[in-house]
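Chemist: Residue-level listing of the chains:
There are 2 protein chains.
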Amino acid sequence: MSAIWQILERAERLHPDRAATLEGRDAADYRRFGARIRRMAAFLRSRGVGPGERVAILEWNTAAFLEAYFAAAGLGAILVPLNVRLAPPEQARVLAHCGARWLLASSGFADTIGRALEESETTATLRGILWLDARPQEPVSRGLGLEEHAYAALRDAGEPAFEPARVSASDVAHLYYTSGTTGRPKGVMLTHGNVTTHALAAVAELRIDSTDTWGHFAPLFHLADAWATFAFTWVGARHVLLPRFEPADALRTISAERVTITNLVPAMLNLMVRHPRLGEYDLSSMRAILSGGAPIAPQVVRAVSAAFGCEYVQTYGMTETSPFLTLSLLSPKLRALPPDEQLAWRAKTGRPFLTVELEVRAEDGSLVSPDGATAGEICVRGPTVMPGYWNDAEATRAAFDARGFLRTGDLAVLDAEGYVNIVDRKKDMIISGGEKVYSTEIEHVLYRHAAVLEAAVYGLPDEKWGERVCAAVVLRSGASAGAAELEAHCRTELAGFKVPREFRFLDALPRTGSGKITKQPLRERDGRGRT
Amino acid sequence: MSAIWQILERAERLHPDRAATLEGRDAADYRRFGARIRRMAAFLRSRGVGPGERVAILEWNTAAFLEAYFAAAGLGAILVPLNVRLAPPEQARVLAHCGARWLLASSGFADTIGRALEESETTATLRGILWLDARPQEPVSRGLGLEEHAYAALRDAGEPAFEPARVSASDVAHLYYTSGTTGRPKGVMLTHGNVTTHALAAVAELRIDSTDTWGHFAPLFHLADAWATFAFTWVGARHVLLPRFEPADALRTISAERVTITNLVPAMLNLMVRHPRLGEYDLSSMRAILSGGAPIAPQVVRAVSAAFGCEYVQTYGMTETSPFLTLSLLSPKLRALPPDEQLAWRAKTGRPFLTVELEVRAEDGSLVSPDGATAGEICVRGPTVMPGYWNDAEATRAAFDARGFLRTGDLAVLDAEGYVNIVDRKKDMIISGGEKVYSTEIEHVLYRHAAVLEAAVYGLPDEKWGERVCAAVVLRSGASAGAAELEAHCRTELAGFKVPREFRFLDALPRTGSGKITKQPLRERDGRGRT
Numbered sequence: 001m002s003a004i005w006q007i008l009e010r011a012e013r014l015h016p017d018r019a020a021t022l023e024g025r026d027a028a029d030y031r032r033f034g035a036r037i038r039r040m041a042a043f044l045r046s047r048g049v050g051p052g053e054r055v056a057i058l059e060w061n062t063a064a065f066l067e068a069y070f071a072a073a074g075l076g077a078i079l080v081p082l083n084v085r086l087a088p089p090e091q092a093r094v095l096a097h098c099g100a101r102w103l104l105a106s107s108g109f110a111d112t113i114g115r116a117l118e119e120s121e122t123t124a125t126l127r128g129i130l131w132l133d134a135r136p137q138e139p140v141s142r143g144l145g146l147e148e149h150a151y152a153a154l155r156d157a158g159e160p161a162f163e164p165a166r167v168s169a170s171d172v173a174h175l176y177y178t179s180g181t182t183g184r185p186k187g188v189m190l191t192h193g194n195v196t197t198h199a200l201a202a203v204a205e206l207r208i209d210s211t212d213t214w215g216h217f218a219p220l221f222h223l224a225d226a227w228a229t230f231a232f233t234w235v236g237a238r239h240v241l242l243p244r245f246e247p248a249d250a251l252r253t254i255s256a257e258r259v260t261i262t263n264l265v266p267a268m269l270n271l272m273v274r275h276p277r278l279g280e281y282d283l284s285s286m287r288a289i290l291s292g293g294a295p296i297a298p299q300v301v302r303a304v305s306a307a308f309g310c311e312y313v314q315t316y317g318m319t320e321t322s323p324f325l326t327l328s329l330l331s332p333k334l335r336a337l338p339p340d341e342q343l344a345w346r347a348k349t350g351r352p353f354l355t356v357e358l359e360v361r362a363e364d365g366s367l368v369s370p371d372g373a374t375a376g377e378i379c380v381r382g383p384t385v386m387p388g389y390w391n392d393a394e395a396t397r398a399a400f401d402a403r404g405f406l407r408t409g410d411l412a413v414l415d416a417e418g419y420v421n422i423v424d425r426k427k428d429m430i431i432s433g434g435e436k437v438y439s440t441e442i443e444h445v446l447y448r449h450a451a452v453l454e455a456a457v458y459g460l461p462d463e464k465w466g467e468r469v470c471a472a473v474v475l476r477s478g479a480s481a482g483a484a485e486l487e488a489h490c491r492t493e494l495a496g497f498k499v500p501r502e503f504r505f506l507d508a509l510p511r512t513g514s515g516k517i518t519k520q521p522l523r524e525r526d527g528r529g530r531t
Numbered sequence: 001m002s003a004i005w006q007i008l009e010r011a012e013r014l015h016p017d018r019a020a021t022l023e024g025r026d027a028a029d030y031r032r033f034g035a036r037i038r039r040m041a042a043f044l045r046s047r048g049v050g051p052g053e054r055v056a057i058l059e060w061n062t063a064a065f066l067e068a069y070f071a072a073a074g075l076g077a078i079l080v081p082l083n084v085r086l087a088p089p090e091q092a093r094v095l096a097h098c099g100a101r102w103l104l105a106s107s108g109f110a111d112t113i114g115r116a117l118e119e120s121e122t123t124a125t126l127r128g129i130l131w132l133d134a135r136p137q138e139p140v141s142r143g144l145g146l147e148e149h150a151y152a153a154l155r156d157a158g159e160p161a162f163e164p165a166r167v168s169a170s171d172v173a174h175l176y177y178t179s180g181t182t183g184r185p186k187g188v189m190l191t192h193g194n195v196t197t198h199a200l201a202a203v204a205e206l207r208i209d210s211t212d213t214w215g216h217f218a219p220l221f222h223l224a225d226a227w228a229t230f231a232f233t234w235v236g237a238r239h240v241l242l243p244r245f246e247p248a249d250a251l252r253t254i255s256a257e258r259v260t261i262t263n264l265v266p267a268m269l270n271l272m273v274r275h276p277r278l279g280e281y282d283l284s285s286m287r288a289i290l291s292g293g294a295p296i297a298p299q300v301v302r303a304v305s306a307a308f309g310c311e312y313v314q315t316y317g318m319t320e321t322s323p324f325l326t327l328s329l330l331s332p333k334l335r336a337l338p339p340d341e342q343l344a345w346r347a348k349t350g351r352p353f354l355t356v357e358l359e360v361r362a363e364d365g366s367l368v369s370p371d372g373a374t375a376g377e378i379c380v381r382g383p384t385v386m387p388g389y390w391n392d393a394e395a396t397r398a399a400f401d402a403r404g405f406l407r408t409g410d411l412a413v414l415d416a417e418g419y420v421n422i423v424d425r426k427k428d429m430i431i432s433g434g435e436k437v438y439s440t441e442i443e444h445v446l447y448r449h450a451a452v453l454e455a456a457v458y459g460l461p462d463e464k465w466g467e468r469v470c471a472a473v474v475l476r477s478g479a480s481a482g483a484a485e486l487e488a489h490c491r492t493e494l495a496g497f498k499v500p501r502e503f504r505f506l507d508a509l510p511r512t513g514s515g516k517i518t519k520q521p522l523r524e525r526d527g528r529g530r531t
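Chains A and B are the protein sequences, given in the same order. End of the first sequence sits at 531 in the working numbering; the numbers just go up one at a time, nothing left out. End of the second sequence sits at 531 in the working numbering; the numbers just go up one at a time, nothing left out.
Quick list of the computed label-pair ranges, beta carbon to beta carbon:
#	chain 1	residue 1	chain 2	residue 2	range
1	A	134	B	341	44 to 54 Å
2	A	333	B	448	42 to 52 Å
3	A	394	B	332	42 to 52 Å
4	A	211	B	401	29 to 39 Å
5	A	451	B	163	44 to 54 Å
6	A	339	B	409	48 to 58 Å
7	A	127	B	404	26 to 36 Å
8	A	363	B	163	13 to 23 Å
9	B	9	A	363	19 to 29 Å
10	A	333	B	9	17 to 27 Å
11	A	124	B	163	44 to 54 Å
12	B	371	A	134	38 to 48 Å
These are computed hints drawn from the structure, not numbers from a lab. Virtual Cβ for every residue (Gly too), placed ideally from N, Cα, C.
Hey, can you work out the whole structure from these sequences and the hints?
Modeler: Take a look at the structure:
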C-alpha cells in the first residue's frame, strides 16, 4: 500500500455497511464516508486544487476533518493541519510558510482566520476558504478576492464522482508544523509511504480489526491522534469523534459507543482517572489506552489500568516519525511476570515500533551497552521517518546524522530486553561537578513523595559545579512540604550530587502549545532572577 | 522497514534468547542464528560477493537456507533460489540467465550441479560453490577454475563480525524463476521493499507473534513457504524445518514441536489428512493451516479443519506478488454465520491481502459488478508487486497494463462482501456456441460425484460450436463411473452448454514442476488424437 487513497478504497469495498464515523448524532458508514470524501475532493479540484498544492485545515475533532485527510490524499494535495491553539499571527506565518492555496475550517474559527488574513503575506497564495459547517454571517475575506464556500451544502448532495490522482509513495501527503520555541515555523513533511507504513505497522502492533472503535479524543491536528485515521480506516474499524475534549463527555462516549481503544494526552488521562463519577460509567469495552509525551510512573499505570479495566501502553514518538518510535507492549516473557512486576515494564518508554531501526548512541558515536544504566541519544531510521522539513534544507541537514539516522535529542538507556527508557532531553541534561545528571531520575523520586503533584528538574549555571541541580515543584492541593523535607526525601534515594540544591514552588509548570512540560522558561526566569 | 537485514537485527536485539531455528537436532536461538548469518555473509564478501551480484542456492528446507536468505540481504546481493526439481540443463539455463557468481548447495546436489556445470554458459560468471554441509568427496568443478568451500566448517566458528551493506527499498533482493512451459526462464525480481512490506502485512493479517512456530514443510525455494522466513523472524517467532516432506514426519514435528501455523500445498494436505495414523498425533498447538494453488471444496475445508482442529485459510498469490493476493480470512460478519455456512467462505479464493489493490476487470476494461456471477480478469497493484522480470523488458511490458496493474491471467467473480472467487485461468476459459464456460464451475460439480478423485475441464476446437467442453477425470481407487453417468450427474446441476461432451479417464492429471494441474497437455494430446 503506497498511497493513502487505497486505504479508503479498501474500506469502501470490503466494509461499505460498517460504521465509519460518529460525531454527535451524525453517523456515516464507509459507503457514505467515502461519498462525502469524493464530493469534497471533487469540489476542491473544481476550484483548482491540484497535486502537490497545500490545503490547510483549522478544525476541531470532527468527521469533516477525517474526510479532509482522505480528500487531500485523493487529490495528491498536501494537507496542513493547523494547531487550533496558535494565535492569528502564528497561523498566518504557517499559512505563508507552506503557501496554502485553500483553507478548510469550521465557522467557529472565523475570528481567528479574519485576523490571520490581516497579515498580508498570508493571502499571497490563498485562493479560498471552505467552511466545514456553514458560512459565517459575514465573509471574513471581504476585499481580499477569496472565494468562500460551505461544505455542509455539498457534503451529502450530488454525485460522488471522483477519479483519484496518481500518487507515489515518496510524494508528500502532510505537513505538520512543530510547536518550536524559536518562532521559526518548521513543517514536518510526511509522505504517503510514511503514513501508510505507519498505519500498517500500527494495525500489526495493536492488532486492530474491524470490530474496534477508536475514540478521537486528543486533537486530530496532532499525530498522536491523527495516525489512527489511517490505521483504523484500513481495516474498516469505527471512528468516534469528540469535537472538544471534556472528561465527562469522553467517559460517556466510551460507555455509550463501546470505544475499544484511544490515545489520551497525560492531562486528559489525569482528568478522567480522577473524575468523581468515574465509577458510574461502563468502560468494559476498552481494551487498551495509549498515552505518551511524558514519563509515567508505575503507580500511575496501575491506577489507569484499574480505572479503565484495560491494558496501558506507553507511547513515545515524534511528529518527524509518523509518530511511533516505541510502544511499551510486553513480550510474552514479560507478560509471564507477576502483575506488579509488569507495571515497571509498562511504564517504560518501550520497545521499538515494528518498522523503526532504533539505536542509542554515546557522544563518541558508539552504541551504548544494553545495561539499563549507560545513557546515549536515541537515533532512528526507517520508512516512517520524514524525508525532511518543508523548504528548509538547513533544518533538514541538522536533523540527520551522516548515516541517515534522525537524531531525536532524547537521552535514553537500553536494557537487555531491548526496551528503551528515556532519562532526559539532551538539552535538559545537567552536568554538575563533571557528573551527568538525568532529570527524569530525580523527577521520578520527587513524584514518589506524597505531597508532589508535578515536578521538573533542571540545571542552572553554577560557578563552583558548572551547573547545579534545581527543581520546580507543584504540590497537591491541600498538601504541604518544604524544601528541606523534599531534599531529605531525595537524599534517601539518590547520590548526593543528584539531590536538588534549590526548590521552587509553583502553581503550575510551564508547558508548550501541545501540553508538554518545557524547562526553558524555568531556566530563564531563575537565571535572570539570580544573575 | 525497508531492508530485509533490519528484520534480522530486530530479532537479534529483542529476542536473542528465543528459539529461531530447529532442523533435526540442530537448534539455534536468534543470537546464534544471527552469528551464523554474519559468518556466511562475511565469508561470501571475502570471496568477492558484492551488492547487486547474484548468489544462487539449490537446497532442501534447511536452516542454512534461511541463513542464506539473510546473508544475501546483508550483502546487498540477490539470492536466486533454484527449484530442486529441475533437470541439470534447466538449472544451467537459470544460472546463466541470472549470471550467478556463487552457488550455495548441499552436497546431495553434487551430481546435479556437476552435470549443470557441463553446460559452458553456466560457468562464464560462476566463481565458486559453497557447500552448505560438507564438501563432496570429489570437487565437482574440477578443471573449471571454481573455488569450493564448506559452510559447515565456518558456520559456528570465529568472530561473527559483519557490517551490512546500505540497501534501499527498491533494490532487488531475490530472483525467483517461474516454472513456465515455454522453456524460456523468467526471473521474477522482488525488492527489499516488496519482501518487507509483504512480511509486515502478513504479521498483521495472521497476527503472528513471538509465541508462534512456523512449520517450513513446503519447499523453501518457492514463495508459498519462503515469505514466512521474513514475517516470522520479524517478530522473533520460531522456524521448524523438515528438509524433505514426508507426511508422518510432518505430523510428528507438529506434535513434538508445537507448531502453530504452516502452509501446505494441496498434495501435502491430502496426504496428511488421509494419513492412517493421523489420530495418534497431538495437533492441538495448530491455530491455522494455509493452502492454495488450487481451488478447494467446502467439504475438504471441513475435513482439514476437523483433522487439525484449527482454522483453514485458502491463499491465492503469485511469485510476482510476494506472493499473497487474497486470503480467505473471515470478517467478523462472516464469522457470525453458522459453522456450515462459514465453510463456503473459507473455501473461496478470499479477500484482498492488506497491501493489495485488486480489481476484477471485464474485457472492455470496466470493473465487473460485485454480483458473484460476472467474471473478469484479476488485476493487481501495490507495494508487494514485482517491478518486473530480470533482464526481460518485453515480458515485463506484457505483464502490466497501462495503469501499472499486473495482469494475473486469472478470471474471477467478485461478491458483495469483497471476496474474490477464481473461476478459471484466462487461457483455459472455453467459449462454446458463443457462451463463456468457466472450467472451475464444472470441475466443482464433477468433484461432488462420489467416484471422482480429480477432474480437469478444458476446451477442444469444434467445427460447429467453436469449442466443445471436455473433461479429464481420475476415479477414486475401487470406484467406477462411466461417461454417461458423469454426464447425467452434470446435467442435474449445469446448463446444457456447460455439460462436457467428452470424458477421458486417466490414472493421473498432468502437473507442472510446482505441482499445479496444467491443461495444455490435455488439449494437445486430445487435439492431436482427433484431427
